[in-house]
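J.: Okay, here's what each chain looks like letter by letter:
Protein chains: 2
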Amino acid sequence: MPRWWGWGSLDTSYSAEEHPGLGPFLSAHIGPPFRGYAVPALESLSLPAPTSGFLSQVFSGVLSKQDIRIDRLSRVGHALGKSYTDLMRIRTNTIAHAPEAVLFPRTIEQVELILDTCERESLAVIPFGGGTSVTGALDAEQEPTISLDLENLQGLSGLDEVSHLATFGAGTLGPKLEEALASRGFTLGHFPQSFEYSTLGGWLASRSAGQNSIGYGRIEDAVFHLEAVTPRGRLSMGRGPASASGPSLKDLFLGGEGAFGVIVSATLRVRPLPAKKDYRAYFFHSFEEGVEAVRELLQTGPKPSLARLSDACETQAGLALSGGPHGAGSQLVRKVGLRLVETLGYEPGHTSLLLLGYEGGEREVEDGGSRAMRVCKARGAFDLGHSPAKEWLAERFLHPYLRDLLMDWGVMVDTFETATSWSNLVPLHAQLTGSARQALGHGFVMCHLSHAYETGASLYFTFFAAQDLRDPFEQWDRVKKEVTDQIMKGGATLTHHHGIGRFHRPWLEGEIGARGLDGLQAMKRALDPAGIMNPGVLWRPS
Amino acid sequence: MPRWWGWGSLDTSYSAEEHPGLGPFLSAHIGPPFRGYAVPALESLSLPAPTSGFLSQVFSGVLSKQDIRIDRLSRVGHALGKSYTDLMRIRTNTIAHAPEAVLFPRTIEQVELILDTCERESLAVIPFGGGTSVTGALDAEQEPTISLDLENLQGLSGLDEVSHLATFGAGTLGPKLEEALASRGFTLGHFPQSFEYSTLGGWLASRSAGQNSIGYGRIEDAVFHLEAVTPRGRLSMGRGPASASGPSLKDLFLGGEGAFGVIVSATLRVRPLPAKKDYRAYFFHSFEEGVEAVRELLQTGPKPSLARLSDACETQAGLALSGGPHGAGSQLVRKVGLRLVETLGYEPGHTSLLLLGYEGGEREVEDGGSRAMRVCKARGAFDLGHSPAKEWLAERFLHPYLRDLLMDWGVMVDTFETATSWSNLVPLHAQLTGSARQALGHGFVMCHLSHAYETGASLYFTFFAAQDLRDPFEQWDRVKKEVTDQIMKGGATLTHHHGIGRFHRPWLEGEIGARGLDGLQAMKRALDPAGIMNPGVLWRPS
Chain V
1 MPRWWGWGSL DTSYSAEEHP GLGPFLSAHI GPPFRGYAVP ALESLSLPAP
51 TSGFLSQVFS GVLSKQDIRI DRLSRVGHAL GKSYTDLMRI RTNTIAHAPE
101 AVLFPRTIEQ VELILDTCER ESLAVIPFGG GTSVTGALDA EQEPTISLDL
151 ENLQGLSGLD EVSHLATFGA GTLGPKLEEA LASRGFTLGH FPQSFEYSTL
201 GGWLASRSAG QNSIGYGRIE DAVFHLEAVT PRGRLSMGRG PASASGPSLK
251 DLFLGGEGAF GVIVSATLRV RPLPAKKDYR AYFFHSFEEG VEAVRELLQT
301 GPKPSLARLS DACETQAGLA LSGGPHGAGS QLVRKVGLRL VETLGYEPGH
351 TSLLLLGYEG GEREVEDGGS RAMRVCKARG AFDLGHSPAK EWLAERFLHP
401 YLRDLLMDWG VMVDTFETAT SWSNLVPLHA QLTGSARQAL GHGFVMCHLS
451 HAYETGASLY FTFFAAQDLR DPFEQWDRVK KEVTDQIMKG GATLTHHHGI
501 GRFHRPWLEG EIGARGLDGL QAMKRALDPA GIMNPGVLWR PS
Chain L
1 MPRWWGWGSL DTSYSAEEHP GLGPFLSAHI GPPFRGYAVP ALESLSLPAP
51 TSGFLSQVFS GVLSKQDIRI DRLSRVGHAL GKSYTDLMRI RTNTIAHAPE
101 AVLFPRTIEQ VELILDTCER ESLAVIPFGG GTSVTGALDA EQEPTISLDL
151 ENLQGLSGLD EVSHLATFGA GTLGPKLEEA LASRGFTLGH FPQSFEYSTL
201 GGWLASRSAG QNSIGYGRIE DAVFHLEAVT PRGRLSMGRG PASASGPSLK
251 DLFLGGEGAF GVIVSATLRV RPLPAKKDYR AYFFHSFEEG VEAVRELLQT
301 GPKPSLARLS DACETQAGLA LSGGPHGAGS QLVRKVGLRL VETLGYEPGH
351 TSLLLLGYEG GEREVEDGGS RAMRVCKARG AFDLGHSPAK EWLAERFLHP
401 YLRDLLMDWG VMVDTFETAT SWSNLVPLHA QLTGSARQAL GHGFVMCHLS
451 HAYETGASLY FTFFAAQDLR DPFEQWDRVK KEVTDQIMKG GATLTHHHGI
501 GRFHRPWLEG EIGARGLDGL QAMKRALDPA GIMNPGVLWR PS
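Chains as they are written, first to last, in our numbering: chain V, 1 to 542; chain L, 1 to 542.
Do not take every clue at face value.
A pair holds if it fits inside one copy or across any two, identical chains being indistinguishable in the list.
[As the list claims (entries may be wrong)] Heads up, simulated SDA-like pairs for lysine to any residue below, C-alpha to C-alpha not over 25 Å straight-line:
#1 Lys489 with Ile108
#2 Lys303 with Pro48
#3 Lys489 with Ser236
#4 Lys489 with Glu161
#5 Lys489 with Glu227
#6 Lys481 with Gly513
#7 Lys176 with Pro472
#8 Lys303 with Asp160
#9 Lys489 with Gly233
#10 Lys489 with Arg234
#11 Lys276 with Arg374
#12 Lys276 with Glu482
#13 Lys377 with Arg363
#14 Lys276 with Asp221
#15 Lys480 with Gly443
#16 Lys377 with Pro272
#17 Lys489 with Gly158
#18 Lys303 with Gly185
#19 Lys377 with Arg35
Hints were generated in silico from the structure; no laboratory data involved. Bear in mind the structure is a predicted one, so any value in this text is a computation, not a measurement.
Just chain V, with the same shape it has in the complex (with noise of 0.2 Å):
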């Protein structure tokens, strides 16, 4: 059963109970909890009523009466992302707008119709997957707005294992995805934060980058062959592995989040699974000389499949908040992590964690993970063995249901993040850390780098306050406006992977300028010239 108020399913949350340390951890850095805004009953959201009572006729010849949906909970829970503000809406009971009806296609044929018919009764469509845009990328902003929602589309429908190729339908949910492939010796590694609930088609629309991203590349990197649907018609996208046949029109699509069509299914490029995987933790005595070590890795190779390198304040918080159920291990590293500082002059505000991951052939592993070892040792780091990495790995899909319990306790959490070269990247996070904190007053900030490359990595920040319940929405708004200037006046991309949504969009000039912008928006007028695909996704409709 999902959550429409939070994250993910019923069936799993966050349980305090099982992390002792967060109350204390909160308590300690911003404040006591308190009552934050209750979940209301769903019967007592208040919905924009229906403007175009007609829809169910309209689509009648379409879609079979059990694909068109214009229930309570189908329409909240395509109304909005997983955003905090997203789920603030739903808290404060300020939802503005919310999609008509939710329309589920069986064929692309049916996509096609369906963009026929909206743009015939000028209908806005919002292409919807797993419903986990953290930019309000599916954000409904006007009346009337359709939920195009690809559950149907769904499922590996081709294999060429001679060229390591599957096609999936864009539907396909994260674990739908990698056990269809498992079953027949594959994986395509691509593992977001959102993995469990979002789909490939939302990982296309948005150039996802999954935690494993150095090994496996970023979502954009393994497409072969894309197929979309405008209103104007069908593109097909990508005809060999890689191509000079002049612009590649495929990286349209790819971030163009729903704004150009809708992406209805994908060849990917998929690998054999690894036969071996060597994950590791690694204490350093700083966030820069950790940096120094995993620069090394990426330059010099072998490169990991992982590198996930906590700032000091994300280590500390980690050390306290960990211990949930996969925690036994952890318990042990927060003790040998406490002594470590305590006697071996790991200073507790500066100590760094760098989780280290490398998969692929046997040999490839074991060499990958001693090269590694003697980079980070070479650095000042201290080898914390398997347990903390394991527990990572084993809670790493739980974290945004902490999100739901703080919001329980008044407490407003967001993160954001970039990306940026090496040379830039300690100054910015010294930057973007300062300026996150003096726009939140009493708050907690904390950050690792991840998704590393030759030239650069992504720098990703959580934070956390004290909600002002008078206006939680003006107090976030604040912090993001503060933090996302920062990012620009730093030189560092906008969004290294959530994407632009409409969050980001008052930046996006910032980020490819006014002929960039002048660009993509005839592109967009050429194929859906009556604005109708997900309109304000990446720039605010003129």
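We have chain V; now place chain L onto it with these hints.
T.: What follows is chain L alone, placed relative to chain V:
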């Protein structure tokens, strides 16, 4: 001194004396040489008279006098690229169009002023780098046209040694770029066939792939940041090692071939010069077995830096033509090869030569090389050692000079290329070989696999036939149409690294669809509303 009527520099040529096998080889396969069209004197070329004599005056406020050239050599040298038909236009004295003037801006501001002026005066503008296009990307199609030569926007303008990022002007020639990097301990590793005479801007505009693209990536993989000037203003693209900030605008300029604007500089990922290189050659019993070996190396690693597998025809031709100034080793190989073919069961009609190169750290290269040897031997390969690869490395930039000699002898000689998935590769090779042979009549067709990826590889064909002196253009058109139709019918990409230019534009719709073309054309209208930028490249102007 550049060879305005052929390839490269007048200091270098392909010597028939040093390649004694050439004459007999041609006689055997396409018939005896005869006298083709001779190169006319520069003075005797019919050039369209300038239509707008006021050009020097128009640009006098923008450029100093020596940066505006209207002499005959400059005009002819910028009227065409270096394709077979371009060179035949010169030899048959049928240059239809030529630029009125060649402009050599020294600053980005001058580029902006030139585009402003051209828009105001309705002058077409063709950005010009090294002039080595083989797809008609530089061929003026109308009067008045201006050639915008980027020669003076060149050189290394910044090196971030920490981030492995180097910034160059777009007009930087391959050797200058590598020299500048080598003096600081770095390399880009981009070595297209045209390396000596092509520029960074040209590589970027045409999505070039160097011969070591397996190891160093295609040019688009190396781009961190791109600066371009359009008639509507400047564009800055790329603010991080990767981004999810909407569609990748960079990827619309890469491959844009000057249709949207002029690329003026780029920041590229560079790498430390490799500590070690190991290039080695193998004989396989068949092309198919060689393909399987390359596929295995690409899919299970360690990946080579270069893999180049000649089919049986190219292997035979290579043996026949080897023995140039660097060919002592190769003559040995020819003898060894011929003996092998006789005594070890390698059949002449099937034997395929593989060149395999590893570059990087000592251990990495040793591991790669020995693993490769195991994989190749398991597929029945015979290790030919280092000398054939050394000869190839020494002579690789000499091959285009052969064409000028062949044209003297009345030979039609050209190449075509594509890329496809591994499972489609061998059937497509057979299909394209057959189609080309049929289209040529009495001719010779050979091919190599190169630029391999996990999911597939490129096929690069070379063909020879006696020229039809009555209408060499019609003869070439017929072959080109036939093989390109077959590439598209075979589900492969229209071009893997030559680009679209003007020759491939009839098939671009087959590659990206009518809607894809609509999208690109709309973007062009937004950035270049007067349509002055390289009109006719990518698609025929409406």
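J.: For every hint, state whether the structure bears it out.
T.: Evaluation of the provided hints:
no. : hint               : in the structure
1   : Lys489 with Ile108 : between (43 Å within a copy, 23 Å between copies)
2   : Lys303 with Pro48  : neither (51 Å within a copy, 57 Å between copies)
3   : Lys489 with Ser236 : between (38 Å within a copy, 15 Å between copies)
4   : Lys489 with Glu161 : between (47 Å within a copy, 22 Å between copies)
5   : Lys489 with Glu227 : between (37 Å within a copy, 19 Å between copies)
6   : Lys481 with Gly513 : within (19 Å within a copy, 40 Å between copies)
7   : Lys176 with Pro472 : neither (37 Å within a copy, 57 Å between copies)
8   : Lys303 with Asp160 : between (27 Å within a copy, 21 Å between copies)
9   : Lys489 with Gly233 : between (40 Å within a copy, 22 Å between copies)
10  : Lys489 with Arg234 : between (39 Å within a copy, 19 Å between copies)
11  : Lys276 with Arg374 : both (20 Å within a copy, 22 Å between copies)
12  : Lys276 with Glu482 : neither (44 Å within a copy, 48 Å between copies)
13  : Lys377 with Arg363 : both (21 Å within a copy, 20 Å between copies)
14  : Lys276 with Asp221 : within (23 Å within a copy, 28 Å between copies)
15  : Lys480 with Gly443 : within (14 Å within a copy, 67 Å between copies)
16  : Lys377 with Pro272 : between (32 Å within a copy, 23 Å between copies)
17  : Lys489 with Gly158 : between (46 Å within a copy, 20 Å between copies)
18  : Lys303 with Gly185 : both (23 Å within a copy, 21 Å between copies)
19  : Lys377 with Arg35  : neither (46 Å within a copy, 70 Å between copies)
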